[in-house]
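From first to last, the protein sequence lines stand for chains A and B.
Taking full-length UniProt numbering, the leading residue of the first sequence gets 1, the next gets one more, and so forth.
Taking full-length UniProt numbering, the leading residue of the second sequence gets 1, the next gets one more, and so forth.
It should be emphasised that the hints constitute simulated quantities derived from the structure, not laboratory data.
Note that beta-carbon positions come from the ideal geometry of N, C-alpha and C, so glycine has one too.
Do not take every clue at face value.
Listed below are several chain B residues computed to face chain A (Cβ distance under 10 Å; list not exhaustive) [as the list claims (entries may be wrong)]: (1) VAL87; (2) ASP98; (3) LEU393; (4) ALA405; (5) VAL475.
What follows is a set of in silico ranges between Cβ atoms, one per label pair, in the way DEER data are often shown [to be verified]: (6) A:GLY244 x B:PRO518: 25 to 33 Å; (7) B:GLY13 x A:ALA252: 39 to 47 Å; (8) A:LEU221 x B:THR60: 30 to 38 Å.
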Amino acid sequence: MASDARPRGRTGTAGPVQPDAPAPRRPHGDPLHPGAWWLWALALGTAATRTTNPLLLALLVTVSAYVVATRRPDAPWARSYGAFVKLALAVLVVRLLFAVVLGSPVPGTHVIVHLPEVPLPDWAQGIRLGGRVTAEALVFALYDGLKLAALLICVGAANALANPSRLLKSLPGALYETGVAVVVALTFAPNLIADVQRLRAARRLRGRPDKGVRGLLHVGLPVLEGALERSVALAAAMDARGYGRTAEVPPAVRRTTAALILGGLLGVCAGTYGLLTAEGGTYGVPVLLGGLAAALAGLWLGGRRSLRTRYRPDRWGVRAWLVTGSGAAVAALLALAADRDPAALHPGVVPLVAPALPLWPAAAVLIGLLPAFVTPAPEGATRKEPS
Amino acid sequence: MIRFENVSVTYDGADEPAVRAVDFEVPEGELALLVGPSGVGKSTVLGAVSGLVPHFTGGTLHGRVTVAGRDTRTHKPRELADVVGTVGQDPLSHFVTDTVEDELAYGMESLGLAPDVMRRRVEETLDLLGLADLRDRPVSALSGGQRQRVAIGSVLTPHPRVLVLDEPTSALDPAAAEEVLAVLQRLVHDLGTTVLMAEHRLERVVQYADRVVLLPGPGERPLLGAPAEVMAVSPVFPPVVDLGRLAGWSPLPLTVRDARRRAAPLRERLADLEPRREAAPAPAPPPAGRRLFGRAKPDAPSPAHVAEVRSLAVRRDRVQALRHVDLTVAPGEAVALMGRNGAGKSTLLGALVGLVAPSSGSVRTGDAVPHRTRPRDLVRRVGLVPQEPRDLLYADTVAAECAAADQDAGAEPGTCRALLSELLPGVSDDTHPRDLSEGQRLTLALAVVLTARPPLILLDEPTRGLDYAAKARLVTLLRALAAEGHAIVLATHDVELAAELAHRVVLLAEGEVIADGPAAEVVVASPSFAPQVAKVLAPQHWLTVAQVREALS
Chain A
1 MASDARPRGR TGTAGPVQPD APAPRRPHGD PLHPGAWWLW ALALGTAATR
51 TTNPLLLALL VTVSAYVVAT RRPDAPWARS YGAFVKLALA VLVVRLLFAV
101 VLGSPVPGTH VIVHLPEVPL PDWAQGIRLG GRVTAEALVF ALYDGLKLAA
151 LLICVGAANA LANPSRLLKS LPGALYETGV AVVVALTFAP NLIADVQRLR
201 AARRLRGRPD KGVRGLLHVG LPVLEGALER SVALAAAMDA RGYGRTAEVP
251 PAVRRTTAAL ILGGLLGVCA GTYGLLTAEG GTYGVPVLLG GLAAALAGLW
301 LGGRRSLRTR YRPDRWGVRA WLVTGSGAAV AALLALAADR DPAALHPGVV
351 PLVAPALPLW PAAAVLIGLL PAFVTPAPEG ATRKEPS
Chain B
1 MIRFENVSVT YDGADEPAVR AVDFEVPEGE LALLVGPSGV GKSTVLGAVS
51 GLVPHFTGGT LHGRVTVAGR DTRTHKPREL ADVVGTVGQD PLSHFVTDTV
101 EDELAYGMES LGLAPDVMRR RVEETLDLLG LADLRDRPVS ALSGGQRQRV
151 AIGSVLTPHP RVLVLDEPTS ALDPAAAEEV LAVLQRLVHD LGTTVLMAEH
201 RLERVVQYAD RVVLLPGPGE RPLLGAPAEV MAVSPVFPPV VDLGRLAGWS
251 PLPLTVRDAR RRAAPLRERL ADLEPRREAA PAPAPPPAGR RLFGRAKPDA
301 PSPAHVAEVR SLAVRRDRVQ ALRHVDLTVA PGEAVALMGR NGAGKSTLLG
351 ALVGLVAPSS GSVRTGDAVP HRTRPRDLVR RVGLVPQEPR DLLYADTVAA
401 ECAAADQDAG AEPGTCRALL SELLPGVSDD THPRDLSEGQ RLTLALAVVL
451 TARPPLILLD EPTRGLDYAA KARLVTLLRA LAAEGHAIVL ATHDVELAAE
501 LAHRVVLLAE GEVIADGPAA EVVVASPSFA PQVAKVLAPQ HWLTVAQVRE
551 ALS
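Could you build the full structure based on these sequences and the hints that come with them?
Encoded structure:
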């Protein structure tokens, strides 16, 4: 690709570079398309929903965690992975807690503990508080919770690996301006937090306590004022830099665009209605598809009004195909396995048996590791060690 | 290239036009400098070039502004984006994307340039501005000088024929400012770009200008001409021009080099004279062996030092902001902290006022350890006017602000207001702090801080955005405070201010103190921190025009 021909910063020209010295920076060229990361992660998540085998689920989580650990860049948005892992653990704990407190419909014979049962009035029939806690119920809840946790961790992996603003850059032209607005909004929050911290510090300079809720409330108004002023300044800068320039489009095209989008959306509504009602079974699907096609054509035509071009858009290259393909393969193979061998992927809890690791589905999950080997290493991962 | 035809602008709700009868032309490939005191409408004139005035700000514009033949009346700012590049005062509010490279490309994307053209121009601009090493950095992680260069680069990539800059060097240290000016110089000389910029720090920019547009006062007609001619009559001028006026040189020198060539007779006259130094307080005695533990009550006679910093180290976000810093400040002493952006000046001030906790070493202000002292008690020992004085002001009128300050400091009601009236006569009680000018806001913040009568006053970049008159008032004010026994520590990039005010200069680099001594010795020894007068009259130790004037009379 063209990226190899790029000059590598000033260090490359300023003096002789030792041939074996690491490149001063990560070659920015050819980062993976953020959409590929999302598809890969969602496919792993789909695979997780196909099974309740804790060994397979643990393997899935390990696979995604390994890829995140090796390919996560050092950027603010990439630090959300830990938060997702904590959320997943919380979900697991809550699921177990519910199984203990509210009981479970799973019949079981291995009683672990007998909680005192709270007598409930008649109208709450069917609900149980406390009572018998069986090993079967707990294991069932654990499997179920694990499935959900694995799904959440996969979404977290996508968040950590794909740059959200680059993902927005891949929007179709007609939606680009909206995309920029979203990006600006995304940078707004960190700025706001920095403002709050600065102004709370300033309270200390006035001799007022800089901690506590009162302090936070007092700086609220100045912070909002500052944010508003910054937004206005940014809007002026964006205007002066050409945001919102539009191309001259013949009126016929403009009218066609409007007609296509409006007609398309109407078609989608009518098609959905047709699908949901009994008598519309015949025309529902074709109208829905036709509507979608018209709306998409309208969006594409609307993109002609926008002059914008893309600077170094993320290309959907071989690596992106490989990454997406590996995720899709995991999802497809596990779906196949769930169909062929449901017993192995859904280990029974009544009677209680130790789950076994089914060999070829496990091997299929390992395909998900492929991105760790085919994608470029993030910046800084190699640089930290020497110095 | 830029043509103003009898332009006057009246903002909505204002009785008087902000600028009146502006009529000038900047030919292609010239660097024009817009000068004048604060509040004469420089920003309005700049905004009119890019069309932001009146399309974005509202108001009425009479007359006609044309840029590259396009009338701003019929062209919105976005339709001028390919001929005019505008950089405002705060580069951070100019950034739309999050990394340097994307930022450079943003303007071109809006204009719809072909991808290969964009790629080439980004690489060229990275090299032109020396940003190649920063291309992947988030813009929020850049230093002030880097931000300014990225902001200039981001408007350069669409190859505008006109560049409009509002105070491009005010926030920068001397070296970074020279970097930015060198880039502008190169654009004008090599690419034929037309540049119109406003700047308060004339000593930095006036020698680069091909012509100067002077707005002498609010609503007055602008004066136009070659820099030397305009400087001869201008109410704002750099020290080298002041010296030239004093010595009666004609034509006036604008650069240190020109002045030096004329200065031989002046140096001869001054050879036998000695510059009168501000009476510096007696040098603080070295700390007496042990640390000054539990010394006296707050109201007791002031100790030998109002601030004492011993081998202070501060780490912030994995960055060693300060290491092994020793500093003592005596009552009545004015200390200037200098050094490039990011050298640790603000961190040191923060440590003195307890905003930053030391990772090792000790900080004492008077008898208190700042970061462990309750804010209520600390305000009576040390006060900081932050870089953005507005951060200190919460209320919506000046009167409310003063009342709050009295209460915070536990002072007699009316103390703050009396101080303010003394420092800044003629500010009415019901003015909103946001409607004050930069200089007035700074003075209000200073009055708020002074209400608690702290023996130590800290100022972070106090002269940013101040014109020469406001600066002179600030110097007088701070001198009077020092004479009363307040110790003053100011972090500044403004070498002229340091020369005027400071008894002592402390140079910081990479979080370490690299020089600490009397102002005259430290600044004269450093080419980038020497004031203009010192450069002109070297090897003699004159720092300011005032000293020379006094010695000659």
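Verification of the supplied hints:
1. VAL87: holds (9 Å)
2. ASP98: holds (6 Å)
3. LEU393: holds (8 Å)
4. ALA405: holds (7 Å)
5. VAL475: violated (23 Å)
6. A:GLY244 x B:PRO518: 25 to 33 Å: With Cβ atoms ~57 Å apart, the hint is violated.
7. B:GLY13 x A:ALA252: 39 to 47 Å: holds (44 Å)
8. A:LEU221 x B:THR60: 30 to 38 Å: For THR60 of chain B against LEU221 of chain A, whose Cβ atoms are near 32 Å apart, the range 30 to 38 Å holds.
When held up to the earlier numbered hints, the structure conflicts with 5 and 6 and fits the remainder.
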